[in-house]
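Colleague: Chain residues, written in single-letter form:
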Amino acid sequence: MEKSEYIIQIEHLSKSFETNRKRVIEGIVHSAVNVLDDVNINIRKGEFITILGPSGCGKTTLLRLLAGFLTPTSGRILLEGKDITAMPPYQRPMNTVFQRYALFPHLDVYDNIAFGLKLNKIPEAEIDKKVRRVLKLVSMTDYEDRDVNSLSGGQQQRVAIARAIVNQPKVLLLDEPLAALDLKMRKDMQIELKEMHQKLGITFIYVTHDQEEALTLSDTIVVVNEGKIQQIGRPKDIYDEPCNSFVADFIGESNILNGTMIEDHKVSFAGHEFECVDEGFGNDTPVDVVVRPEDIYITRKLEVAQFTGTVKSCTFKGVHYEMFVETDSGHELMIQDYNAFEIGSTIGMLIKPADIQVMSKERLCNTFEGRVTGDDTIEFAGGEFKVDSQSLQSQVGETVKVQIAFDKVELLDNKEDGVLRGQVKFILYKGDHYHLEVVTKDDYKIYVDTNDIWDKGDIVGISIAPSDITVVRDE
Amino acid sequence: MKDSVQTKTPCFSLGKLVAKAYLWALLIILYSPILIIAIFSFTEAKVLGNWTGFSTGLYTNLLSGGVNNMLIKAIENTLLIAVVAATVSTLLGTIAAIGIHNLHGRRKSVVTFLNDIPMLNPDIITGISLFILFVALGISQGYMTVILAHISFCTPYVVLSVMPRLKQMNPNIYEAALDLGATPMQALRKVLMPQLKSGMISGWILSFTLSIDDFAVTLFTKGNAGLETLSTYIYADARKGGLTPELRPLMTIIILAVLLLLVVINLRKKKENE
Amino acid sequence: MNKRSTWALPYFIFLLVFVALPLILIGVYAFQDDFGNFTFSQFMKFAQEEETINTFTYSIEIALINTVLCLLLGYPAAYILSNRKLNRSSVTVMLFILPMWINMLIRTLATVALFDFVSAPLDEGALIFGMVYNFLPFMIYPIYNVMQKMDHSYLEAAEDLGANPLQVFRKVVIPLSMPGVTSGIMMVFMPTISTFAISELLTLNKVKLFGTTIQENINNGMWNYGACLALIMLIIIGCTMLYSDEGSAEEGEKGGLI
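Just so you know, the sequences run in chain order A, B and C.
Here the first sequence is numbered in our numbering, starting from 11 and rising by one per residue.
Here the second sequence is numbered in our numbering, starting from 450 and rising by one per residue.
Here the third sequence is numbered in our numbering, starting from 60 and rising by one per residue.
Hints are supplied without guarantee of correctness; some may be wrong.
Stated by the list, open to error - With a cut-off of at most 25 Å between alpha-carbon atoms, the simulated DMTMM-like pairs for lysine to aspartate or glutamate come out as follows:
id, chain 1, residue 1, chain 2, residue 2
1, A, K131, B, E624
2, A, K362, A, E283
3, B, K616, C, D210
4, B, K465, C, E215
5, B, K616, A, E186
6, C, K208, C, E218
7, A, K311, A, E336
8, A, K204, A, D250
9, A, K435, A, E447
10, B, K720, A, D155
Said to hold, decoys possible - Pair by pair, the computed Cβ-Cβ distance ranges are:
id, chain 1, residue 1, chain 2, residue 2, range
11, B, K719, A, K197, 40 to 46 Å
12, A, D192, C, M153, 40 to 46 Å
13, B, G587, C, M153, 43 to 49 Å
14, B, S589, C, I83, 20 to 26 Å
15, C, I83, B, G690, 39 to 45 Å
16, B, T501, C, E215, 57 to 63 Å
17, C, I83, A, R373, 55 to 61 Å
18, C, D210, A, S149, 43 to 49 Å
Note that these hints are calculated values from the structure, not bench results.
All C-beta atoms, glycine included, are put in the ideal place defined by N, C-alpha and C.
One chain only, chain A, in its complex shape (with noise of 0.2 Å):
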């Protein structure tokens, strides 16, 4: 009976795709790529569902596999309760509005909508009443002569939405429809959308990397990054009560900090102690705790205030201020406010205990498994390191633990000093410092925590100081 409940549930799915590049640096080949890894959705019936996440990070690929383009390499989904993978697209119920249209050049507007009927041998009478039907529900009436290529970009976008829905598919799918179309234009298409999917009823799952579109339109965003589901949650709870810093980050501005949950609704950061709702992450535990710029109150009553701070700059954007502060403890934060505050001048901020939201932290160190390879030497993460021989004790070819403090990783301008060479791949402000993934060739992440500005691709360096690397031996 619960199964009914839900249109498409997409069970344990994974895809990975063989490369040919050659990565086989250091003696290691990666010939599969995970673009998706074990992913697990059930979509109700009707439902305006967003898959949201950076570019890259398999979202396309997911809606290629409910489209039927491609095969996943395992799991399964199933329609109605009903297997579907293995079914070719021409046979699934489903259909696509792809991100650049692909409309058909050598067809007008009528014989593209009319397409996928007349491939049915559906009767020409009711053709002609189903695509004058959709022509006006895109509000495209008047055109169905037109050359496609004649047509602005959001005239396409109509036809190319017309030309799906005329089929009754019972799922629509969208891979960043809006995404070629100017500012503009996408918000009218937004609300168009909605009104769409409002009155046709039909199942959409919508794909893209644009937050603000996700929060508007959908009913449930599922975010996704590097293959893995993040969070599934209705907008108001994702942006609310983001589950980790990825999420934060990503949706809306945040300031994400380190902190420390001293006790139940006791968390400190930025130097101070702030009251909150969150409880059950046990006493003077690391935690990453998100205050949205728009939830610090300024105030100019010190007194009152729970931490004070100094305006940096300010900026006027349209309806809010958006203001830098550097607080007494040395970290800035983002606020937004209504009101203007000098630069230079001294102001106290107020949070709600409500408006903190705390995470717990996803890793507190590096951690590799490492071999030993000499007296001083070990080989962790693709690369030989030096380690204080006094803290080895341990034979040639033993198997140990190694951690490393974020912040004792030293990244290099120059790739070709230090032991291994990496890409920054994820960097995130946290109020002080600068918290960054750097990915090593081989795929190993190392996280690092430095006060130098890097940029996302960066190239790096790494090394470690024997002296920061702890060994621990494997019992």
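Please arrange chains B and C on chain A, whose structure you already have, making use of the hints.
Modeller: Chains B and C only, in chain A's frame:
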């Protein structure tokens, strides 16, 4: 600064004059032999250079089939072989291009490499290698072998003409057709083919021209059964008696035909660009 | 779902049978005697036949002379054609490319006509003239192609930095046009070295080139020896291709016109 501008202008036009003169001198050298042949195709003198009065005698002689049955037959052969080779090459090459377009990595480079060989190979090597192939396989040579040989050097050019179209095509178009319920065959017929049409036509014309133009490969693969194409006919004729008078009108006609074909191709190209 | 890649399969098999296999067979035949036994005797024969060796070296000589002459005559022409200040007419460009489309045999006979017309003797001079006449467009076209696509801002940048026209030509135009020169050399040298029939017709059989030697051997049923000579020619051509970096010679070939 002013000085240099003033002195530059006359100097520049002199350079332009020299450049123009150079181009024209080259063009005159390039085209004078053709003009000479065209002019002297209208006189019946045995020795080229003698003018024995205007006459279309050589043309009527050439075109009255009775005397020159061999020539008519050679022209027929040439056209037949060209049409068959061009048509087969176009179909084979188009399907192959779609396949190659969807290949990746090493497999793609292997096929592209093989596809490049016939275009880089000198005619004589292509001819001899195919000759040896047919000998080794014990295939008697005639129409069939010539057509196969022509397909082998025409198809790469079809692939080259269709490839750019595929690259320009929205990569989702084929998928869009499947998505709307077309089977792969229907998607090929109703969506891919119409869009590759212009590339296919270019490829066909190119193959047709290359086939007609070919001499060396045909010579090695035509066998001894008396199959002649236009170029092997001219070769045999010229080998016997040098530039015989009857070749003059024939060459004039061929050159005019090529000119016409090129005009058609370029008009098509212009239209397409618009 | 990417099954469309299998569409390349029929053509791949065709290529194997009609392109790869024949070339392999040349190699096989070259190392066989008349009875199909493995032997080096064909190559020994080549090394011992003074006449063939002479023809071979003479052919390379002629091919080199022809290539150099085509380059000397063709490079300025390509430069003028591609320079917008000197030539704006696409018809002139067409006129230079057009002869590429006329049958080589007919063009050769046309040169014979010219020599007949001016009553010049058909000798080595006629051969070289005929070769240059035949292959000049194949030198001009690739060089023109590269020069025409050359970003004009490079030239302007050089001028802006104080180069006079001659310096612009020497320091910018020539280096940037080198890919075109390379493929031009390929398109002239390779066919010249492998020509046959042309020299017969141009010199009334007085001068013989290597291609003709190969053809004669094949015609006379000496397939193994013919294959051996063809293999030698292939090696020469292979070396030329290696010289041209990655064998990008097809770039300027006839296909470019369409």
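Colleague: Evaluate the given range 40 to 46 Å for the C-beta pair formed by K719(B) and K197(A).
Modeller: The hint (40 to 46 Å, Cβ to Cβ) holds, given that K719(B) and K197(A) are roughly 42 Å apart.
Colleague: That 55 to 61 Å hint for I83(C) and R373(A) (C-beta), does it hold up?
Modeller: For I83(C) and R373(A) the Cβ distance comes to about 59 Å; the hint holds.
Colleague: CB of S589(B) to CB of I83(C), is that within 20 to 26 Å?
Modeller: holds (22 Å)
Colleague: Hint check: K435(A) vs E447(A), CA-CA at most 25 Å. Holds or violated?
Modeller: holds (6 Å)
Colleague: Within 57 to 63 Å or not, the Cβ separation of T501(B) and E215(C)?
Modeller: Given about 59 Å between the Cβ atoms, the range holds.
Colleague: Within a Cα-Cα threshold of 25 Å, do K720(B) and D155(A) meet the stated pairing?
Modeller: holds (23 Å)
Colleague: Evaluate the given range 39 to 45 Å for the C-beta pair formed by I83(C) and G690(B).
Modeller: holds (40 Å)
Colleague: Take a quick look at whether K131(A) and E624(B) sit within 25 Å of each other, Cα to Cα.
Modeller: With Cα atoms ~20 Å apart, K131(A) and E624(B) stay inside 25 Å; holds.
Colleague: Could one say that the CB atoms of D192(A) and M153(C) fall in the range 40 to 46 Å?
Modeller: Holds: the Cβ-Cβ distance is about 42 Å, inside 40 to 46 Å.
Colleague: Hey, K465(B) versus E215(C), does the alpha-carbon distance stay inside 25 Å?
Modeller: holds (19 Å)
Colleague: Between the beta carbons of D210(C) and S149(A), is the distance compatible with 43 to 49 Å?
Modeller: holds (45 Å)
Colleague: Is 43 to 49 Å respected by the C-beta to C-beta distance linking G587(B) and M153(C)?
Modeller: holds (47 Å)
When the structure is compared with the earlier hints, no violation turns up for any of them.
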